[in-house]
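Asks: Model the placement of chains B, C and D on the given structure of chain A, informed by the hints.
4 protein chains.
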Amino acid sequence: MSNSFGEVFRITTWGESHGGGVGVVVDGCPPRLTLSECDIQPDLDRRRPGQSSIVTPRKESDTVQILSGTFEGRTLGTPISMMVRNEDQRSEAYAEMATKFRPSHADYTYIAKYGIRNWQGGGRTSARETIGRVAAGAIAKKLLRERFGVEIVSFVKQVYDIEAKVNLETVTLAEVESTIVRCPETETAKRMIALIEEVRGRGDSVGGIVETVVRGVPAGWGGPVFDRLEADLAKAMLSLPASKGFDIGSGFSGILLTGLQHNDAIRAQQKKVFTKTNRSGGIVGGISNGEPIYFRVAFKPVATVMHEQETIDTDFENTTLKGRGRHDACVLPRAVPMVEAMAALVLVDHALRHHAQCE
Amino acid sequence: MSNSFGEVFRITTWGESHGGGVGVVVDGCPPRLTLSECDIQPDLDRRRPGQSSIVTPRKESDTVQILSGTFEGRTLGTPISMMVRNEDQRSEAYAEMATKFRPSHADYTYIAKYGIRNWQGGGRTSARETIGRVAAGAIAKKLLRERFGVEIVSFVKQVYDIEAKVNLETVTLAEVESTIVRCPETETAKRMIALIEEVRGRGDSVGGIVETVVRGVPAGWGGPVFDRLEADLAKAMLSLPASKGFDIGSGFSGILLTGLQHNDAIRAQQKKVFTKTNRSGGIVGGISNGEPIYFRVAFKPVATVMHEQETIDTDFENTTLKGRGRHDACVLPRAVPMVEAMAALVLVDHALRHHAQCE
Amino acid sequence: MSNSFGEVFRITTWGESHGGGVGVVVDGCPPRLTLSECDIQPDLDRRRPGQSSIVTPRKESDTVQILSGTFEGRTLGTPISMMVRNEDQRSEAYAEMATKFRPSHADYTYIAKYGIRNWQGGGRTSARETIGRVAAGAIAKKLLRERFGVEIVSFVKQVYDIEAKVNLETVTLAEVESTIVRCPETETAKRMIALIEEVRGRGDSVGGIVETVVRGVPAGWGGPVFDRLEADLAKAMLSLPASKGFDIGSGFSGILLTGLQHNDAIRAQQKKVFTKTNRSGGIVGGISNGEPIYFRVAFKPVATVMHEQETIDTDFENTTLKGRGRHDACVLPRAVPMVEAMAALVLVDHALRHHAQCE
Amino acid sequence: MSNSFGEVFRITTWGESHGGGVGVVVDGCPPRLTLSECDIQPDLDRRRPGQSSIVTPRKESDTVQILSGTFEGRTLGTPISMMVRNEDQRSEAYAEMATKFRPSHADYTYIAKYGIRNWQGGGRTSARETIGRVAAGAIAKKLLRERFGVEIVSFVKQVYDIEAKVNLETVTLAEVESTIVRCPETETAKRMIALIEEVRGRGDSVGGIVETVVRGVPAGWGGPVFDRLEADLAKAMLSLPASKGFDIGSGFSGILLTGLQHNDAIRAQQKKVFTKTNRSGGIVGGISNGEPIYFRVAFKPVATVMHEQETIDTDFENTTLKGRGRHDACVLPRAVPMVEAMAALVLVDHALRHHAQCE
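Protein chains in written order, with the working numbering: chain A, 36 to 394; chain B, 36 to 394; chain C, 36 to 394; chain D, 36 to 394.
Isolated chain A, as found in the complex (with noise of 0.2 Å):
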């Protein structure tokens, strides 16, 4: 039940909805690369409630504070605390949560397992617990980028049956980035921002696919047995609040190949290996191949709804539950940015580990 992962490069995360605030502490970070908010921030803001027209409005700046592990701007090697204050604490919007479980949230489920909970905007179960992984993620991806020249982009692929052709060599941020859907094909964005605006003027939200792109990492990271280097992965994107599904490579769909259809074959060209296709995703055995990582994740529809459902209170008594105030249609805009931050933890603990045993 630990708030705490990866083995080298360690963070844990910390903090609910309401109270002091959210937080982070990363352990293992090397000494002497460059930090200071400003690389911390901007990922904060693409989480962040109330960014766009789609997203849910909750009105707060999320402004990162680090508090150690960095002397004139630089990490010193000792854990790099951050926090993030709560502020928007309208506590009166949740008041009959108090006394009732949300259908398909974690209500009834943390009662559960603690018989207790912090019922005011979800306590530990909301999204803001992500605020967390998304600063320790920023500095993850700062590390991959600059010591080992490694670059994550996360988009929007799929939202209900809306699905957008991207191309996994070349899709920047920058493309993600230019909708607010965060879909780099900017006629299907606009489709799915359509269907968003729809469904939620209707009271209810749809679920979708983030796909992911990792290039740039060498081969030989990863390990052979339970630590594969997908595992980790997908370890890390079932964590995330709404996700239902993760594959990698030619993933679920790989199924309809057959073995001579499916492998990969290797060819070299001055020594350099590299394959002619990447159905295996980057990773062969658990391990990096030196081809990009890719892989999705399926996000379920959000679980609050503005219409009545049928529940149970605290007494275990039948009662039903109507959704009110906050209103996230669709999770996925914000979702990108916790699935890049998820992958960049993985990917720095990896190439942290593999430098241990094996350089």
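Take these hints with a grain of salt, some might be off.
Identical copies go unnamed one by one, so any copy, or any two together, can satisfy a pair.
Mimicking DSS-like on lysine-lysine, the simulated pairs with C-alpha atoms at most 30 Å apart in a straight line are [what the hints assert, rightly or not]:
# : residue 1 : residue 2
1 : K311      : K135
2 : K307      : K357
3 : K307      : K135
These aren't lab readings, by the way, just hints derived from the structure by calculation.
Replies: Same frame as chain A, now just chains B, C and D:
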């Protein structure tokens, strides 16, 4: 790069395809559980090559020996060491593998990582590595069954494009074992077997989906953030050889539902809580809600095919390689006990961790 | 190089002497424990500089704030984040430390390790780092007391060559707190205080021994091999600043007994087991036997002295350095709550781990 | 209650005195180290009973077998599994132990913890458990020697009241091995041997001190807070059977120095840093400073004595028990390779962890 899995109930596997043998150390098993080799061997027999006409014919008995951790037929609470000797060591069958990398196998990535590999039979990348997992999983399954009333049933849901319809509430181990392809639906099983034999006949291979249902997990197991039950299951499944995807509950197909359609209404009868539907798959916010847990794992077609394929040699020069000798046209029947084992390891570890903090 | 401690009840500390503050995240605390800042602050006050005439006069209130993990005065089972702001940041007092390494301080070794250091007030090598430990330890002590009936009493046993005789079966916290040197024997305490004042007067420092007794631990906590209770206590104590030794039960002086003299006869009265002597110190083979646990920690004299000493500068040129400003002539009175905290962290973690596997 | 030790270079030991055997899995060893049983067996022979006239005469060859993790004489980077079969299984010699608890042995505490124990030869509490540590330690020592130029020498410093004077800068393994008591000072060794023989003759036992020096550790290994190098060494040493104390550098005797006397002046010659004295014992603030590391471990007299002693039976009724059969009057000669092994395991793990984060 750890070869260990689990926190409280923690296993460490070891062994290559060729060498002294393969095995596992189980640390953290509760004391006073009745245990002997008879509890382990049946699952190893289900995992073993040569068990039926549709799996690879490697001739090894895979007889397990418990070397420590039990006394007079009961566990001591100390580490349980189990070993299976390697027998069928025809390394000449692998001579060509000494100098060439098999496409979509981990031969090249092992070299990229370690700069050395045991090319005989794939060394540690061999599916023999899973013997330790299955042996440890048999203990985990026994603990779950006897101490917690939890039952795990995995089966072959889909081979290539042939999909079975299976009732998750009633499917039994006996039904699964009634067909050699481990699909509980007899008619579909026959078509799957025919397909596998046809594909093998032309030296090719096919993949598919293993589905699992876990019944009897009480509400409250799991954790809210990184160690979500579905996250640990995802990692466990993606750590299996040839797996490429995981989804839980509504999974990838849940994307085509809206929030209103997707939410599971909560009801209570005499204070007993249940949901009217189970799109969550028995886990909400990382914590079990008392409903059956069900998930799917996608396995790619086996990489070894009996055709000439492009690859490189160990000098990084282009060449070709043609599979010969053993050929497993479909890994799914043997993957079933592996999936069960990994699910059991995740669940028993979470059971003990929940007990530690919350009970 | 982890800044975390414990397995199930796991803490992560962060913070430098100068910067935003210092703090700790406690992960794995059981839910529903009543908890507020009032449970934490008293131990921080016992650790704080300026609390009496014989400790260093740094002027900081060290007021703790609980930022997460509690709701309506009870723990939630989620991470408890606690922070103390830094106040007394006279970095000019440390200007010379920017360019010179203090002898027998960790200035040089931090540079050797990280290639960078926060020289202000010692950065993370400052004794302020222990604030997080003491805050977390206060929670651990409360859990031990309320849920397990375990009581920990630490006291100053020896300062330089002045040694107290203390009855381990009866000594109380109140007796310890009755003297500013935290030696429960009033007459010896007076001599210790006089010595410390004399030593401080001549700009020098002295070390000594803190002894601890733990009463009420049931038989069965601990582990048989690496995680022996005494091994984890040893690690905990040697992780404290300035500690140089640890022994338990008969310890180093047990060497002058033969086996026949040293063995503790076991007796039972109405099935209640006890030993006639307790040279084992309450732990046999790594596991508690129900007798009081007692151990000693040796602390070296504080490295900061008001004399000119030979050292090198940051260019690795020979120079000298003279301590100035704050000067703690004896760390022992403030070390007492640190020792208690670390003992409590070890014990509560073992209590929960024992519960997980064996109960 | 883990049977694992280390983070990156991580070992897991298993096995009881009676049963299939004892062994260890070493996970995280770097690849391409030349390794065969010849590198392991010598240390096992130094640990083995029956090696000289002053140790217990149990007749077992303790022949180690490497089961996995090497190929053509070099490590693969995969888990190295090593096993020693049990041979001398005269369980009748232990019949009385089935119903009585030996005083100051872990018989009673194992029952208190697990509710079950293997009473044959002490089961997992047997000193045979250390075989796995010594085998793994031999690999660690080889790595330290070949890759880092680090040398570890342990020796018997004191038996009962007989103490040797040993030059830590020059003492060699050959000198240590030149006497059967493993004290490098020949004259003192003779007196120690005579004492041990005399004590054994009257059915009693004696303890003493093993001292260790580690030469060649570069400045920068270790960590600043919980995983201080001395903290991990302390845990490692207190995890050895019969150990009761640990101190490092000036240790307990440093208490009788003032700060001014205790501080190690830092000097540099041509940018090479050293200290004029080494009261710190080669570690400052948890991190090595490049000076030799030296520490002491106190071992109590062996609990098995040939006299009738008060104890209880397994029904918790008072009775007496008289040791018979094997009797090791002094554990120190055999403890020397155990101490070396544990020191090596700590150091190699810290070397790799330092490499991971800081290099």
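Asks: Now look at each hint and say whether the structure bears it out.
Replies: Results of checking the hints against the structure:
no., hint, in the structure
1, K311 with K135, "between (55 Å within a copy, 17 Å between copies)"
2, K307 with K357, "between (60 Å within a copy, 23 Å between copies)"
3, K307 with K135, "between (60 Å within a copy, 15 Å between copies)"
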